[in-house]
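> What follows is each chain in one-letter form.
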Amino acid sequence: MNFDDTPQEAEFRATARAWIAANAPKQYEEELRKSSLGRTQLKNANILEVAKAWQKRKADAGWACLHWPKDYGGRGASPIERVIWQQEEGPFGKLSGMFIIGHGMCGPTMMAFAREEHKRTYLPPLASGEKVWCQLFSEPAGGSDVAGLRTRAEKDGDDWVINGQKIWTSGAHYSDYGILLTRTDPNVPKHKGLTMFFLDMKSPAVEVRPIKQASGASDFNEVYFTNVRIPDHQRLGEVNDGWNVSLTTLMNERMSIGAGVSTGFPELFDYCSSLMLDDGPAIEDRAVRSKLANWAVKASGLRYTSMRAISALSKGERPGPENSIGKLVAGSMIQDVATYALDLQGAAGVVSGPQDAEVAGRFQAMLLRAPGTRVEGGTDEIMRNIIAERVLGLPGDIRVDKDVPFNKIPTKGRS
Amino acid sequence: MNFDFSDDQKQLRDQARKFLTEKCSPKAVRVVLDGKAPYDKELWKGLAEMGFLGVAIPEEFGGAGAGHLELCVIAEEMGRANAPVPFSSTVYLAAEALLIAGSDAQKKKWLPAIVSGEAIGTLALFEGKGNPSPKNIKLAAAGGVLNGVKRPVADGAIANFAVVAARTGTGGRDGDISLFLVDLKAGGVEVKSLTNLDPTRGQAELTFRDCKAEPLGAAGEGWSILTEVLNRAAVLCAFEQVGGADRALEMGRDYALDRIAFGRQIGSFQAVKHMLADMYVSATLARSNSYYGAWALSTNATELPEAAAAARISATQAFQHCAKNNIQVHGGMGFTWEFDCHMYYRRANAMALGLGSLSYWEDQLIDRMRKKNAA
Numbered sequence: 001m002n003f004d005d006t007p008q009e010a011e012f013r014a015t016a017r018a019w020i021a022a023n024a025p026k027q028y029e030e031e032l033r034k035s036s037l038g039r040t041q042l043k044n045a046n047i048l049e050v051a052k053a054w055q056k057r058k059a060d061a062g063w064a065c066l067h068w069p070k071d072y073g074g075r076g077a078s079p080i081e082r083v084i085w086q087q088e089e090g091p092f093g094k095l096s097g098m099f100i101i102g103h104g105m106c107g108p109t110m111m112a113f114a115r116e117e118h119k120r121t122y123l124p125p126l127a128s129g130e131k132v133w134c135q136l137f138s139e140p141a142g143g144s145d146v147a148g149l150r151t152r153a154e155k156d157g158d159d160w161v162i163n164g165q166k167i168w169t170s171g172a173h174y175s176d177y178g179i180l181l182t183r184t185d186p187n188v189p190k191h192k193g194l195t196m197f198f199l200d201m202k203s204p205a206v207e208v209r210p211i212k213q214a215s216g217a218s219d220f221n222e223v224y225f226t227n228v229r230i231p232d233h234q235r236l237g238e239v240n241d242g243w244n245v246s247l248t249t250l251m252n253e254r255m256s257i258g259a260g261v262s263t264g265f266p267e268l269f270d271y272c273s274s275l276m277l278d279d280g281p282a283i284e285d286r287a288v289r290s291k292l293a294n295w296a297v298k299a300s301g302l303r304y305t306s307m308r309a310i311s312a313l314s315k316g317e318r319p320g321p322e323n324s325i326g327k328l329v330a331g332s333m334i335q336d337v338a339t340y341a342l343d344l345q346g347a348a349g350v351v352s353g354p355q356d357a358e359v360a361g362r363f364q365a366m367l368l369r370a371p372g373t374r375v376e377g378g379t380d381e382i383m384r385n386i387i388a389e390r391v392l393g394l395p396g397d398i399r400v401d402k403d404v405p406f407n408k409i410p411t412k413g414r415s
Numbered sequence: 001m002n003f004d005f006s007d008d009q010k011q012l013r014d015q016a017r018k019f020l021t022e023k024c025s026p027k028a029v030r031v032v033l034d035g036k037a038p039y040d041k042e043l044w045k046g047l048a049e050m051g052f053l054g055v056a057i058p059e060e061f062g063g064a065g066a067g068h069l070e071l072c073v074i075a076e077e078m079g080r081a082n083a084p085v086p087f088s089s090t091v092y093l094a095a096e097a098l099l100i101a102g103s104d105a106q107k108k109k110w111l112p113a114i115v116s117g118e119a120i121g122t123l124a125l126f127e128g129k130g131n132p133s134p135k136n137i138k139l140a141a142a143g144g145v146l147n148g149v150k151r152p153v154a155d156g157a158i159a160n161f162a163v164v165a166a167r168t169g170t171g172g173r174d175g176d177i178s179l180f181l182v183d184l185k186a187g188g189v190e191v192k193s194l195t196n197l198d199p200t201r202g203q204a205e206l207t208f209r210d211c212k213a214e215p216l217g218a219a220g221e222g223w224s225i226l227t228e229v230l231n232r233a234a235v236l237c238a239f240e241q242v243g244g245a246d247r248a249l250e251m252g253r254d255y256a257l258d259r260i261a262f263g264r265q266i267g268s269f270q271a272v273k274h275m276l277a278d279m280y281v282s283a284t285l286a287r288s289n290s291y292y293g294a295w296a297l298s299t300n301a302t303e304l305p306e307a308a309a310a311a312r313i314s315a316t317q318a319f320q321h322c323a324k325n326n327i328q329v330h331g332g333m334g335f336t337w338e339f340d341c342h343m344y345y346r347r348a349n350a351m352a353l354g355l356g357s358l359s360y361w362e363d364q365l366i367d368r369m370r371k372k373n374a375a
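Chains as they are written, first to last, in our numbering: chain A, 1 to 415; chain B, 1 to 375.
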């Protein structure tokens, strides 16, 4: 049992480290290091531009999408090399936020289902960040129940005509392309009538409207399609086989190993280390210490769970299901951590403006952003279902709509 | 990175599981639970024959001279099987104290006897309520004899010898405490069994009256030795707790698959599924924290105190969580004496207190993290 790199891993790490030291946008390092959930922005620069520039620079030197084949803009690296890169990239990795969906979900789906010429055309600029992609799955009527979506695709000559609405589309407002899951046959049970496409987000009659979130920020969008035409060669997978295609996408949504999930604990520990309460330093207070210790072991538990997965990768094995707990644990933890940090501030905790609030309002921003982390990419409840069914082998939920034609499924509860 | 046990260590775990599945069935555990025997003597003998008692004891003292990682995988299986033997007292506490501080003569006298299963040892630390602290130790050592009362002492009624924490100074400082080695069969000690939460592991009160004792380690070094012993034992106990948590989770899962209510498996109800998923989460966090503890223990790392505290807290929580929710999944049947759920519930809650309760380890963890942060 050890934490050492193999000689090859150590060599790769040294190369990556040297390249990052010579090329990373150092001027933003401190700010990125201090950014936390709900507040990832730069004071004197547009973070999207900085992110695109960094991604392009990485791509030019062969450090983008490391695990992708070289022909598609990657490096052909092993999974463990990708993890080592992420460890070395450190705070600069936070600049990858706008590419996560494209690199993590759209790219792998294209790789599995697109025509060769499309892969060669579209994947390299996706890897280099010159083109940004989004994923159009969720709908007002289909969130956790994604197969309940209603956006129609109807064949017209060599094209498909799209009508409907998507929601919760991250980054649609700055995306160039998207992958789109549609209903092509409403007369069969819901999973059997779906088809996947990719499309140009700048197509006429694609309308993107930002959603104002509960936090006040706008990271997500509604996207409306009115008679949008998509050529058939942009179909991904067979007609009516879109559910299977989407499973590939969602499998890749699994939290990428090694990047580490945000728990808010390091921020809270730092804060408590210097905070003075009425009767002394917070870190010497029995109640504070107990809270900190309980969160500390969750944070370290996640860290070492991830290291166990990395060890499996290093040996060329597939990591076990342990890593599926990360998002579930971290999501509610960061919410609790933020709530507690504000509690320690007393009445002053209500002030959230960066100028006037305690520690520039980082915990207030965290608190307001946190509810989203427990919903996006699979709600806490869906994550528990996944663990119960795929890890523990418990039965799937009883699905009353499983064998019913989609257009016969009830759509409203109490009326 | 290879943050995992080796193939040999995993094989040893399988071997231990196979052995314990045969020799330590719930039926065998119940003999001790029902008070028909103070511990499972046959199992203890078998563990000695398998070489499990001396796996981390050097060959020169009769052991296998393997190491702490090997002991960790065996500990996990002992916890899984809820083994009714004085393994933790003898192997994690008494043997480790001897290895850390014993003279050559003391090691030669007791370690081979531990390996062969002839000697049961324990640590006599607590004196009534309260957590480990030099201030809580009143038992006095003077002129080579001990006077005072220790309670509770795990496996105190069946032990042949004890490592005893005694006061040799007048203040409440670390340097006022020294350790002593006492042959419990040589007179001067009155032993009284105490009814306790987990009858599969006995607890006792030991009253020392002018009891002869020899120093273990240097005078005034007792507290620092003890701290090291507790840190090591915390990691090893964490593996027992992880094993117990896993077993409780499995029992709950199996019952949820088996039991039909409202015309379906109860494991198909989300309320039950989600409870089991949460048990899996806490058991996984505990396992990962314990692996880090194992790494620190086996490499003698300076991180041991922090790693041990994290493993201890995480594994204690996980075992308690899994054991209580295993009963919940079982419903009424889980609350019967007949079903095995309560054995794990009892063990989980007894183990949560044995080396000092959570608040002690929370303090240890935060102190260490604070020092690291300041450095």
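Calculated directly from the structure, the hints in this document are not laboratory data. All C-beta atoms, glycine included, are put in the ideal place defined by N, C-alpha and C. Among the hints, erroneous ones may be present.
To be verified - To give a feel for the contact side, a few chain B residues facing chain A, derived at Cβ under 10 Å:
| no. | residue |
| --- | --- |
| 1 | A48 |
| 2 | G51 |
| 3 | S116 |
| 4 | S268 |
| 5 | Q317 |
> Indicate, hint by hint, whether the structure satisfies it.
Comparing the hints with the structure gives:
no., hint, result
1, A48, "violated, 27 Å"
2, G51, "violated, 21 Å"
3, S116, "violated, 29 Å"
4, S268, "holds, 4 Å"
5, Q317, "holds, 8 Å"
The structure does not agree with the numbered hints 1, 2, 3 stated previously, though it agrees with the rest.
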